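With the sequences and hints as input, model every part of the structure.
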Amino acid sequence: LAPPCAARLCGSSAMARGSKAPEGTSASELPAAVARQRQFVDCGPDAPVNTSSIEHPDAFAAYGIDNAFHLEEFKKNMRITIVHRNEEEIVFDIQGVTAPMANALRRILLAEVPTVAIENVFILNNTSVIQDEVLAHRLGLVPLNADPDLFEYRRAGEEPTQDDTAVMRLVVSCLPKENADPNAPPEERYEHAHVTAADLEWIPQGNQEERFGDRPLAPLHPDILLAKLRPGQRIELEAHCEKGVGRTHAKWSPVSTAYYRMHPEVVIEETIEGESASRLVETCPMDVFDIEDLGAGKTRARVAQPRSCTLCRECVRHKEWRNKIKLLRKRDHFIFSVESTGVYDPVRLVRTALSLLIRKCEYHIDAVRSAASEDNEEGGAEDEEMEEESS
Amino acid sequence: MNVPDRFDYIVVPDGVPKVREEKDTKLVNASTFIIEREDHTVGNLLRMQLLQDPRVRFAAYKLPHPLLPQLHVKVQAKEGSSPLDVMQDAVSTVGKEFEILGAKFEEEMRRKGEGEEHDRML
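Chains as they are written, first to last, in this note's numbering: chain A, 1073 to 1463; chain B, 148 to 269.
There could be a bad hint or two in this list.
As a list, the in silico DSSO-like pairs of lysine-lysine whose alpha-carbon atoms are at most 27 angstroms apart [claimed, not checked]:
no.	chain 1	residue 1	chain 2	residue 2
1	A	Lys1402	B	Lys225
2	B	Lys221	B	Lys170
3	B	Lys243	A	Lys1148
4	A	Lys1147	B	Lys251
5	B	Lys259	A	Lys1402
6	A	Lys1391	A	Lys1370
7	A	Lys1147	B	Lys259
8	A	Lys1323	A	Lys1300
9	B	Lys173	B	Lys225
10	B	Lys209	B	Lys251
11	A	Lys1147	A	Lys1402
12	B	Lys225	B	Lys165
13	B	Lys259	A	Lys1148
14	B	Lys243	B	Lys221
15	A	Lys1249	A	Lys1300
16	B	Lys209	B	Lys165
17	B	Lys259	B	Lys243
18	B	Lys243	B	Lys225
19	A	Lys1370	A	Lys1398
20	B	Lys170	B	Lys209
21	A	Lys1147	B	Lys243
22	B	Lys173	B	Lys221
23	B	Lys170	B	Lys225
24	A	Lys1402	B	Lys170
25	B	Lys251	A	Lys1148
26	A	Lys1402	A	Lys1391
27	A	Lys1396	A	Lys1370
What the hints contain is simulated information worked out from the structure, not anything from laboratory work. Source: prediction; values computed, not measured.
Here it is as structure tokens:
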């Protein structure tokens, strides 16, 4: 029983990389199993198989298929489709890229796009039950609406300046409210029983008033609970906000999260019909399958929405279908989900991440080139050094 | 007390080159590129790009120790090329790939009728 999609596999444009034959040979088609291995990761019933991609340019030389990378082909086959977008998040598909590329983008989004967050907290008075360090930690995690482009990084040991530090103050005292209903909850009976991010007050320094006066520094979500107080307790502190990246501390990550999943491919290898098919459709919690009516009372299961598959593996858990259904993932098709904390618009986040990546590559081009020229100049001297080190 | 300055993990200190090439003493036409202050983001990317180059015989990357902010990329080139040539091409190709990605993203944004309004912050 040949898998119904075998023909599609070899000709699919997404993995058309290198489908043209090198000169002088004629390309024959890859066997179905090899083509499938090339295009998909097999998520078996228990664990994934064939997780590594086939990168070697001569991998399919026996079939006359050139597997080398060609920039023009990449440009032709690569595709981005924005699926969903709002103020908070963006979901888009990237096809025709490799896993390391998708992962690099994801890592940059998480760790190298800068933001501004509270870094140093100077506590003058804290009689609450929340320890100083716990309170300081919570303050650090509060997302702020500061534009990171307007800030410079503060180097360790340097005095804070108006260009690299913003100051916020938190002064809160809990006092009983007069005429409070004794049966009401504490937030209503006392003033400032709940200390929230809204209680943080920006103290503009130097020229900061002009620089961001039109959008004053404030937490993005004023209702974040920082501490709870009872009458007589008081918190008085000054917090310094600095620019940083997620790599240093997760508080500086501009995304609540950014992740990708590979586009699922579900294949019914052996026909599932009638009663069994209906049960399969019921079993899948994500409605991946649907019933196909063949007329004359015969029905058959078909794959309706492979994209919804979450790999719960319910459909292959049961002996009835275990060998009939294949769960696969397309190697070069990534569904990216980027959710912003609010500092950056999601589209700007992706743009910034991409430009950071490009800049990183450019930096490395220059760096590798200097490694080159040093090498050429030193020539013999470097070999001597090497010998010393290795002995 | 023993905590290094946070910037040490990101900024390359003065006098230390960002990328250094150490020729391999045991293999012909091979060297290890020692890249400071980079991680899997760059390492895996370069490794993959190198493997797709027909002039490369061997390519691998490792982060030698979690406490050291260093990336090693070992490359062996076939006869007719040098690890340096191949590495330079790999890095510039990766840059071009992401430029293409960026351009396609903008194209898609324009196609959807959105444009500059997303450059706003917040």
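Numbers of unmet hints, in rising order: Hints 1, 10, 24 contradicted; others consistent.
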